[in-house]
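S.K.: This is what each chain is made of:
There are 2 protein chains.
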Amino acid sequence: MEQNFIDIAKKAKQASLAISGLQTEVKNLALNKVADALECSAEEIFNANKTDLAEAQALVTSGEITKSTFNRLKLDENKMRDMIQGVRDIAKLDDPIGKVLLKRELDEGLILTKVSCPIGVLGIIFEARPDVISQISALAIKSSNAVILKGGKESKNTNKKILEIINNTLSNIENFPKNLIQQVFSRDDVAQMLKCDNYINLIIPRGGNKLVKYIKENTNIPVLGHASGICHIFVDKSADINVASKVVIDAKTQYPSACNAVETLLIHKDLEKSDELLASLQLSEIKLVSNPEAWDVEYGDKILSYKFVNSLEEAIEHINTYGSGHTDSIITNDVENAEKFMNEVDSAGVYYNVSTRFADGFRYGFGAEVGISTNKTHARGPVGLEGLTIYKYKLTGNGHIVDDYSKGKKKFHHRDLK
Amino acid sequence: MEQNFIDIAKKAKQASLAISGLQTEVKNLALNKVADALECSAEEIFNANKTDLAEAQALVTSGEITKSTFNRLKLDENKMRDMIQGVRDIAKLDDPIGKVLLKRELDEGLILTKVSCPIGVLGIIFEARPDVISQISALAIKSSNAVILKGGKESKNTNKKILEIINNTLSNIENFPKNLIQQVFSRDDVAQMLKCDNYINLIIPRGGNKLVKYIKENTNIPVLGHASGICHIFVDKSADINVASKVVIDAKTQYPSACNAVETLLIHKDLEKSDELLASLQLSEIKLVSNPEAWDVEYGDKILSYKFVNSLEEAIEHINTYGSGHTDSIITNDVENAEKFMNEVDSAGVYYNVSTRFADGFRYGFGAEVGISTNKTHARGPVGLEGLTIYKYKLTGNGHIVDDYSKGKKKFHHRDLK
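Chains A and B are the protein sequences, given in the same order. Number 482 marks the last residue of the first sequence (this note's numbering); no jumps. Number 482 marks the last residue of the second sequence (this note's numbering); no jumps.
A couple of the hints might just be wrong.
Which copy is meant is left open, so a pair is good if it fits within one copy or across any two.
[As the list claims (entries may be wrong)] Think about it this way: if two alpha-carbon atoms lie no more than 30 Å apart in a straight line, the pair counts; the simulated DSS-like pairs of lysine-lysine are: (1) 333 - 217; (2) 310 - 167; (3) 337 - 217; (4) 333 - 75; (5) 242 - 167; (6) 475 - 143.
Quick caveat, the hints were computed from the structure, so don't treat them as lab data.
If we strip away everything but chain A, and leave its shape as in the complex, we get (with noise of 0.2 Å):
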């Protein structure tokens, strides 16, 4: 029996506001619980993953799906292991709600405090990779906050499964609420959770650009994400050589399927041994194309396009204007360059010296990466569990009204509290 879509919105909105005053430790025993399940269940986990991966191999070869979706698609030992590790490792992290963000006397015995508090409900929309499933609901039950999961088709009874063993284990736990994560499975149900800004509070997708420009095109809930990752590097006049072919090899060929992949180098025309450069990344079995048919394409490969420019100024327009605000690198030895390079590029990430490859919650130790985002609001950059939260205020007193103050008769002296 299918559910209405809005009757799990509304689930999902009432197990949010059950959630939100459990305490840390409840729900550090239901993420440990839940790792033990997947733990003791890993035989069925693989199971229900060969079933999805016998019908995909089918559209593999019918062309439908791609061998790298397949990839994703498959679970192993090792992904398995990561898999109820990252569980555990969440369970580890500082609780992000309840953290007192401001407390403040606005006047004698009116006290306001600004207090982090879950964001509500999430809906998350993801393709073929069945180990999102248990790292957002990790996620949710740390943050406090309530989802409801769209995976890919492809990975049907593997996410089935797994969603099965969480909710059996959390619904054996006392006081833990119902519903808090929940599945749905059509794409009608997909047009549906865009539509519902009445319950939904924030959509984080992840998958391909494709998937998240369609989202951002079709929802006015809040997403969280982005959807291309086109970084540049820019090779100042005074680099050093070495650390520029250094920084670009790793930036290109680490992972040149990440997000954080360097797309375009940007070299200053002055720049000595310029030749050497190209000649060092050629070596790498980088492609270098200087004439590439746009200036905003996400190779995914090891596929450099490269552009001379005249000067910093040049550098930092052309990111600004073909750039996804992802991350950007500058190599310098010339500190002001480097200073108005990372004030002046409008991006998540501006770095000096380094490699793109570092924009990464992991790298920066938030020990837990719900994705990585270029919006201009709420989270920028890798986003950490503290991504997953809002705050409220509460002001308490003993009978204080407005009127006492706009008529002169109280004054507010706001003094912070420790």
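Chain A is already provided as a structure; the job is to place chain B on it using the hints.
M.R.: Frame of chain A; chain B shown alone:
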């Protein structure tokens, strides 16, 4: 000659990039010069306002605009003084840009810094209140954001005059970017603004419910604001009847058309002397409605819906169902009930023995108010200058590459720096 909206948006984007590095002193100088210029040109502004008022008078007579719109449109000496003082006050506030929010050594020589920065381009849509122009312009200058303003057509002459004075002043300040503050006038411009997510990063509507609702429903750009203010007061069983009466009277009568005025009173069925409470409200000329057409009506007048509830839980559920997530208060002598109420009511402001009218940026001590937000992302409740900022991550190193870490040659140590 009317400009194409996209050209205006592009210029705004350029201006936003140009101002992002502007020094605090230059911004404060600009603000004080703007205040001086408005003071010197008060006569010109009053004259422009008289032209608007004459046209509006005819529309009041024909019923096309309300008397209260007419009053909001009218600038008098007091409003002018407040308007100018508002600009000077913003000059005195801390610069919200360039604050170091986190500084962390990821590894030897690899330093991550999270720094506050402007959002970019703001679209401001407001109704007939010409004082908004100078306020928003001042907030934009201080927070280094570009703005495109669209005011009500009733105040067209006043708006044009005020912005002319502001922009003449800014154009004489060295290094101050052009086109930081631009204005558009037609409905078609609004439609284009709402679609312009390539260039506009945040929309802030300042006006009635209908305007805000329309905007929220018709754009993918993040919107900061609130459509309605359905605020509640719950008088618990253990409430002090005098505190309850005093707080409800303040919350309903001190300024009935404010968004933080109370609309619904919930009373615990076991409260003794509840009839005394109701009688005291009626004595203060509050019209009590026990069977309202709906529980989410914003009266904007001395009218109050009320209802007896069986429990704290029922009160919380009523508020989470019919409220607008703005501000809700409990009157009680039971600390545990107060805590439960403040944790479980899902609103920007959750109050305890205090009038809902305190929900305001100035009363919270923010020094300036961008607006009040019922969003669950980015900024919630009264929003100060901080709400017009986001952050970027700067990462500096000396040739650091990810490959060294993924191969285990190096390890992150993630040490926070002061």
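S.K.: Does each hint hold? Answer for all of them.
M.R.: Hints, one by one, checked against the model:
1. 333 - 217: neither (50 Å within a copy, 52 Å between copies)
2. 310 - 167: between (48 Å within a copy, 26 Å between copies)
3. 337 - 217: neither (51 Å within a copy, 61 Å between copies)
4. 333 - 75: For residue 333 and residue 75, only the inter-copy Cα distance (28 Å) is at most 30 Å; the intra-copy one is 60 Å.
5. 242 - 167: Result: close neither inside a copy nor across copies, 33 Å intra and 40 Å inter.
6. 475 - 143: between (61 Å within a copy, 22 Å between copies)
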